[in-house]
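Asks: Sequence:
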Amino acid sequence: EGELFPLTEEIWLDWLKDEIHLTEEEPNREKVYELFERAVKDYICPDIWLEYAQYSIGGMGSPGGIDKVRAIFERAVMNVGLHMTKGQTLWEAYREFENAILSTLVAEPPKLAEYQAYIDYELKEGDPARIQIIFERALAENCLVPDMWAKYTTYLDRQLKIKDLVLSTHDRAVRNCPWTMGLWKSYLLALERHGSDHQTVSDIFEKALNAGFIQATDYVEIWQAYLDYLRRRVDFKSSKELEELRGAFSRSLDYMKQDVEERFGESGDPSCIIMQIWARIEALHCKNMQKARELWDSIMTKGNAKYANMWLEYYNLERSYGDALHCRKALHRAVQCTSDYPEHVCEVLLTFERVEGSLEDWDAAVQKTETRLNRVNEQRAKVAEKEASQVRQEEERAEQRRRAKADKKAQKKTQKGILTGEKRRAEQDDYHDEWNEDSEQAPKRHRGNGDPTIEEYMETETGLFGKSAPPATAAAHRQKDDKPELRNDNSSVFISNLSYTLEEPEAKLRTLFETCGPIKQIRPVFSNKGSFKGYGYVQFESTVSVSEALKLDRREVAGRPMFVSPCVDKNKNPDFKVFKYNTSMEKHKIFISGLPFSCTKEQLEEICKNHGTIREVRLVTYRSGKPKGLAYVEFADETQASQAVLKMDGMDVEGNKISVAISNPPRRNMMENPGSSRPMMDMMPRQVHGARGRGRTQLALLPRSLNRQSGTANKVENGTAAQPTPATAGSAANAAGDTKPLSNSDFARMLLNK
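Just so we're aligned: the sequence shown equals residues 990 to 1743 in the numbering used here.
Be aware that one or more of the hints could be misleading.
What the hints assert, rightly or not - In silico lysine-lysine, DSBU-like type, Cα no more than 30 Å apart, as pairs:
{"#": "1", "residue 1": "LYS1576", "residue 2": "LYS1509"}
{"#": "2", "residue 1": "LYS1030", "residue 2": "LYS1174"}
{"#": "3", "residue 1": "LYS1057", "residue 2": "LYS1030"}
{"#": "4", "residue 1": "LYS1540", "residue 2": "LYS1636"}
{"#": "5", "residue 1": "LYS1522", "residue 2": "LYS1617"}
{"#": "6", "residue 1": "LYS1295", "residue 2": "LYS1229"}
{"#": "7", "residue 1": "LYS1397", "residue 2": "LYS1522"}
{"#": "8", "residue 1": "LYS1497", "residue 2": "LYS1371"}
{"#": "9", "residue 1": "LYS1590", "residue 2": "LYS1636"}
{"#": "10", "residue 1": "LYS1075", "residue 2": "LYS1113"}
{"#": "11", "residue 1": "LYS1280", "residue 2": "LYS1295"}
{"#": "12", "residue 1": "LYS1371", "residue 2": "LYS1401"}
{"#": "13", "residue 1": "LYS1196", "residue 2": "LYS1276"}
{"#": "14", "residue 1": "LYS1295", "residue 2": "LYS1371"}
{"#": "15", "residue 1": "LYS1617", "residue 2": "LYS1576"}
{"#": "16", "residue 1": "LYS1057", "residue 2": "LYS1174"}
{"#": "17", "residue 1": "LYS1398", "residue 2": "LYS1295"}
{"#": "18", "residue 1": "LYS1006", "residue 2": "LYS1174"}
{"#": "19", "residue 1": "LYS1100", "residue 2": "LYS1140"}
{"#": "20", "residue 1": "LYS1394", "residue 2": "LYS1497"}
{"#": "21", "residue 1": "LYS1646", "residue 2": "LYS1497"}
{"#": "22", "residue 1": "LYS1397", "residue 2": "LYS1371"}
{"#": "23", "residue 1": "LYS1402", "residue 2": "LYS1522"}
{"#": "24", "residue 1": "LYS1636", "residue 2": "LYS1646"}
{"#": "25", "residue 1": "LYS1226", "residue 2": "LYS1295"}
{"#": "26", "residue 1": "LYS1402", "residue 2": "LYS1375"}
{"#": "27", "residue 1": "LYS1030", "residue 2": "LYS1006"}
{"#": "28", "residue 1": "LYS1246", "residue 2": "LYS1280"}
Hints were generated in silico from the structure; no laboratory data involved.
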């Protein structure tokens, strides 16, 4: 079909629509394209060209698709675009296609990058009218961009130079961006360039001073621009403008000292550039070297006498407009005062004497330079010796720390067998035994046959803040390390449990504690390899700041609770302990266990608030910040706490069945002798009696002959019971009784009786 005889437009359209319907898959589009190419060859057919172009739009997303669609539209308008009745439809479709492409290319306001590229293009073309309109369009959407205003005003100043346009644009610029000193400076220059009257320039300068620049150097630059303007309008043969210039210089110095220094804490002109310019004007134009020398004396008294370049600047001024006597005096003073480059100043003095001095002047210069250089070399040798001594001291401290660490490891090995059947805690969990919820510790989860009471004992017996007391040798080395810092424990706090990977710990601690009061020093502790060990000291200027710092205890830092505690010397106070929470029964507080680890403080408060007024909710966590599934909730009174126990015990929370009881923290029995073993009576597991404690009708189901009461009253505690087993009770009673030691004959009789 179509090969032997030409087809009409209607037949081709029906055929094409059928093929399009049958070949909707992307790989078959080329077959339809070939059919369209055959169809447009028979007759002039606008409808087929329109269908061809619309079908090609469907493949616009493929590589090169837009170019292909545009090429088909171009061929179509070339072939049938002049068709009187149907050509318009093809043009409209072509226009809609291009508008759709254009809409995807339109940038969102403020279009700064696009405007910058557009402006650069127009500047290369050089058409003033187009450049002006594109700048105005850009500034309408980016009116707070100082660089755009500066670029526009620079173009007007250098190219158009039309007074009304230039000055009005400068005025708009400083009104939109008054904080930008460069715009005010350009405005002053433009006013002078176009011959504005002196009063107008002065008014604009006063507005600039009140604009509120963001740094002190901006005020120096704007004053320099105004003083340059005043200097250019002075006729040095008359006195009126000259006195006005001198008054402006004097006012600028007062303004820098009074206004700028009070606002920024610095003058912004440490090198005294304004005074240097004033001195040079006095010397060059006014021939007033006396005034110039007075100004340079003032410059040197402002901390510039130690710099060689300042003395050489003064020397060059004397060389140009003064006399040899003052040149020699300036160089002699420079040799005496310069501390940064004394060799260079000495060389300049000797060169000057070679050219203009007498033998006596030469001898005096040589003697003075040699004396000065000898003194400088001595000072440098002392500094080098001090630095070398500091390096040696640091090496010695590092060696002491290494030895202390080795002694500490040896001490730990010797003490390894003191307590058996327990798993030692990791050494990095340092310095806070109270974090495992201090005196309100919940029942521990155990592995294997480990004894929970022994683990609790280890936690309370490991010294201050949860770390074993260091050996005597290590403590001695640590004392030696602390001597250079002269730490005052009364005004210091001890920081621990920080992450070992904490970046810039000193800066982080300073940010946290600077609100507590003036800080004297911050001393994070590092290992020999330079890695942070997770603890350190913060010393304040006053002891009053310590109480404020202690309030930051348990503040979360990098995902871990930070421990803040008083700084106490363990050698002087080996039994010092810090307990944050109550150790007795609290009937207005409940203890919750079995919580899911994902439970948050807010979720728990939402659960408990239906049973009474909540004062505090505290989740129990490990030192790493991970939850233990335990919590304490404090109510307003005992009645509310009791109701909460009755209603919440056994409740299901996120699939976990929780246990609720009145708060009765477990005891922490501290033994007098750390090296002795713990009494078996205290190391036995404590019996759990439930949420209401032990009932009156609860039977022990134990023969009376074996049920021996201990000497002290037993008290039910959270997750534990102090009731000892009969075997251990009997052993404890035998151990506590005063029995007579057995002799060898006693043991012999015992064996014979068997």
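Asks: Hint by hint, note whether the structure agrees.
Replies: Do the hints match the structure? See the list:
1. LYS1576 to LYS1509: 44 Å, violated
2. LYS1030 to LYS1174: 71 Å, violated
3. LYS1057 to LYS1030: Distance ~19 Å between LYS1057 and LYS1030 Cα, so the pair holds.
4. LYS1540 to LYS1636: 35 Å, violated
5. LYS1522 to LYS1617: 25 Å, holds
6. LYS1295 to LYS1229: At roughly 38 Å apart (the allowed maximum being 30 Å), LYS1229 and LYS1295 break the hint.
7. LYS1397 to LYS1522: 16 Å, holds
8. LYS1497 to LYS1371: 35 Å, violated
9. LYS1590 to LYS1636: Status holds; Cα separation ~19 Å.
10. LYS1075 to LYS1113: 44 Å, violated
11. LYS1280 to LYS1295: Holds: LYS1280 and LYS1295 sit about 22 Å apart, inside 30 Å.
12. LYS1371 to LYS1401: Violated. LYS1371 to LYS1401 sits at ~44 Å, over the 30 Å cutoff.
13. LYS1196 to LYS1276: Not OK: LYS1196 and LYS1276 at ~34 Å, beyond 30 Å, violated.
14. LYS1295 to LYS1371: 19 Å, holds
15. LYS1617 to LYS1576: 23 Å, holds
16. LYS1057 to LYS1174: Roughly 55 Å separates the two Cα atoms, so the pair is violated.
17. LYS1398 to LYS1295: At roughly 54 Å apart (the allowed maximum being 30 Å), LYS1295 and LYS1398 break the hint.
18. LYS1006 to LYS1174: 71 Å, violated
19. LYS1100 to LYS1140: Judged against 30 Å, a Cα distance of about 17 Å means the pair holds.
20. LYS1394 to LYS1497: 27 Å, holds
21. LYS1646 to LYS1497: Roughly 41 Å between the alpha carbons, so the hint for LYS1646 and LYS1497 is violated.
22. LYS1397 to LYS1371: 38 Å, violated
23. LYS1402 to LYS1522: 22 Å, holds
24. LYS1636 to LYS1646: 13 Å, holds
25. LYS1226 to LYS1295: Answer violated: LYS1226 to LYS1295 is near 38 Å, above 30 Å.
26. LYS1402 to LYS1375: 40 Å, violated
27. LYS1030 to LYS1006: Holds, at roughly 18 Å.
28. LYS1246 to LYS1280: 20 Å, holds
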